[in-house]
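Student: Below, each chain spelled out in residue letters.
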Amino acid sequence: MDTTQEIIDAKGFARTVTRLSHEIIERNKGAETIGIVGIRTRGDYLARRISHAILDSEKVAVPFGTLDITLYRDDLRGRLSQPRLKTTDILYDITGKNIILVDDVLFTGRTIRSALNALMDLGRPASIQLAVFVDRGHRELPIKADFVGKNIPTSSDQEISVLMTETDGQDAVLLITHIQEGEVR
Amino acid sequence: MKLASRHLLGLDGVSHQDIELILDTAVSFKEILNRPIKKVPPLQGKTIVNLFFENSTRTRISFELAQRRLSADVVNFAASGSSVTKGETLKDTARNIEAMKIDMVVIRHASAGAAHFLTQVVKANVINAGDGCHEHPTQGLLDMYTLREKFGSLKGLRVCIVGDILNSRVARSNIFGLQTMGAEVSVCGPSTLMPREIERLGVKVYHHLDDVLPHVDAVNVLRIQLERAAAGLFPSLREYHRFFGVTSERLAKVNRPIAVLHPGPINRDVELSADVADGPHSLILEQVLNGVAVRMAVLYLLGLSE
Numbered sequence: 024m025d026t027t028q029e030i031i032d033a034k035g036f037a038r039t040v041t042r043l044s045h046e047i048i049e050r051n052k053g054a055e056t057i058g059i060v061g062i063r064t065r066g067d068y069l070a071r072r073i074s075h076a077i078l079d080s081e082k083v084a085v086p087f088g089t090l091d092i093t094l095y096r097d098d099l100r101g102r103l104s105q106p107r108l109k110t111t112d113i114l115y116d117i118t119g120k121n122i123i124l125v126d127d128v129l130f131t132g133r134t135i136r137s138a139l140n141a142l143m144d145l146g147r148p149a150s151i152q153l154a155v156f157v158d159r160g161h162r163e164l165p166i167k168a169d170f171v172g173k174n175i176p177t178s179s180d181q182e183i184s185v186l187m188t189e190t191d192g193q194d195a196v197l198l199i200t201h202i203q204e205g206e207v208r
Numbered sequence: 214m215k216l217a218s219r220h221l222l223g224l225d226g227v228s229h230q231d232i233e234l235i236l237d238t239a240v241s242f243k244e245i246l247n248r249p250i251k252k253v254p255p256l257q258g259k260t261i262v263n264l265f266f267e268n269s270t271r272t273r274i275s276f277e278l279a280q281r282r283l284s285a286d287v288v289n290f291a292a293s294g295s296s297v298t299k300g301e302t303l304k305d306t307a308r309n310i311e312a313m314k315i316d317m318v319v320i321r322h323a324s325a326g327a328a329h330f331l332t333q334v335v336k337a338n339v340i341n342a343g344d345g346c347h348e349h350p351t352q353g354l355l356d357m358y359t360l361r362e363k364f365g366s367l368k369g370l371r372v373c374i375v376g377d378i379l380n381s382r383v384a385r386s387n388i389f390g391l392q393t394m395g396a397e398v399s400v401c402g403p404s405t406l407m408p409r410e411i412e413r414l415g416v417k418v419y420h421h422l423d424d425v426l427p428h429v430d431a432v433n434v435l436r437i438q439l440e441r442a443a444a445g446l447f448p449s450l451r452e453y454h455r456f457f458g459v460t461s462e463r464l465a466k467v468n469r470p471i472a473v474l475h476p477g478p479i480n481r482d483v484e485l486s487a488d489v490a491d492g493p494h495s496l497i498l499e500q501v502l503n504g505v506a507v508r509m510a511v512l513y514l515l516g517l518s519e
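Here the protein sequences line up with chains A and B, keeping their order.
Quick note on our numbering: the first sequence kicks off at 24 and runs consecutively.
Quick note on our numbering: the second sequence kicks off at 214 and runs consecutively.
Bound-form chain A, shown alone (with noise of 0.2 Å):
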């Protein structure tokens, strides 16, 4: 038994999208400087959705790419089945830019950790910082967010789950906790 509780819903989820997109452009000053970079596959669509927000409200383009860390991940070898290779997809020269790294979750840290050498070996950008939807806690690695759309502190039987329309057809955070058969909570 599953249960599920919905903690952003639609008009939240928008919400947060341009509290993120207002707190990059104050930190960086305007958006002439940076470029944007989604990890595949919703860091992807939600970095899209900031890019949009900043459009609307700087009226600058900003630079935009789509980042596949598979080939940077630590656990590659051993897996049963491997993950599917996507394209990395930067057509801007990264140097020199201050390049907003957009993830839905962090948990853990290693994809960030991974996306860092990505980058890296893309260019030489003059920062990195960090944007995510939700951050859910359990640190492995020391890595920390400059933008979090919401804190979500989690245990380790609970899962987050960021829906998006593109990939689930409607946008909505979901927190759902894996109960054990027999377990009384």
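Please note that the accuracy of each hint is not assured.
[Said to hold, decoys possible] Partner residues are not named here, just some residues of chain A that face chain B (Cβ under 8 Å, in silico):
id, residue
1, N51
2, R63
3, T64
4, D91
5, L99
6, R107
7, L114
8, D144
9, L186
[What the hints assert, rightly or not] Below, simulated BS3-like cross-link-like pairs (lysine-lysine); rule was C-alpha separation at most 27 Å, straight line:
id, chain 1, residue 1, chain 2, residue 2
10, A, K109, B, K243
11, A, K109, A, K82
12, A, K109, B, K363
13, A, K109, B, K215
14, A, K109, B, K368
Bear in mind the hints are in silico, worked out from the structure with no lab data behind them.
Idealized CB from N, CA, C, for every residue including glycine.
Given chain A's structure and the hints, the job is docking chain B onto it.
Tutor: What follows is chain B alone, placed relative to chain A:
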């Protein structure tokens, strides 16, 4: 996602799904080849030996680049000047190399079945880089990748392989792979260089280039080994060029562009006239670049299979 086999010995029997997985994976690697830093870490700590018992420049360099760009450690072995000239057997050579903790072996050998034999005696993943007149699967894959990139899909694509079909491992790998992917394959060459009963592989056989050119989207022109003329299989290189050379005059007779592939190295003005090789419909240099991407895909997919 995972390949069905932990070796790549040929394209005969490799499924549609697996070929598609390799070609799709290669798309991602081609993007890496266009970066300023053309190196990614997935095969870090893996050691690969390139066992080349036959001369090769392009294939060996292509494999080595692919391996290095995946961060693997590479050992090269050429038969000349090695223990092979002292009479060591393939089995002993392979087992001795494996004793040094090798993860993958890429082998080229003059005997058909050499790669298959290796899989029986070593534990490493084996990739066939050409075995006799049998198969050269990575060449077949890179030809297919190049065609797919150019035409969008291999399904229904009409491809003619021109030249020495009898002695060509490239022809065999192309026939098997292209047919699996739904392409329509024909072959064209002098009857002395055409294997008997080749029709049984499901290919149409032509002996005149002008008969087949109006019916194809692409020609894959094979290299004529110059010593074949000496063996009396055709009278002279000049005559071969006259009857089977792919020339701009011949291609011009067909009122639409035909893509031209060649596995290299080219004998200019024998199987392919120089203006076609350098012409706008030649995909030859694309093939070379794609070769590295496709080999990276194969090494990556096999190297991480447990």
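Student: Identify every previously stated hint that the structure contradicts and give their numbers, smallest first.
Tutor: Per hint list: 1, 2, 3, 7, 9 and 11 violated.
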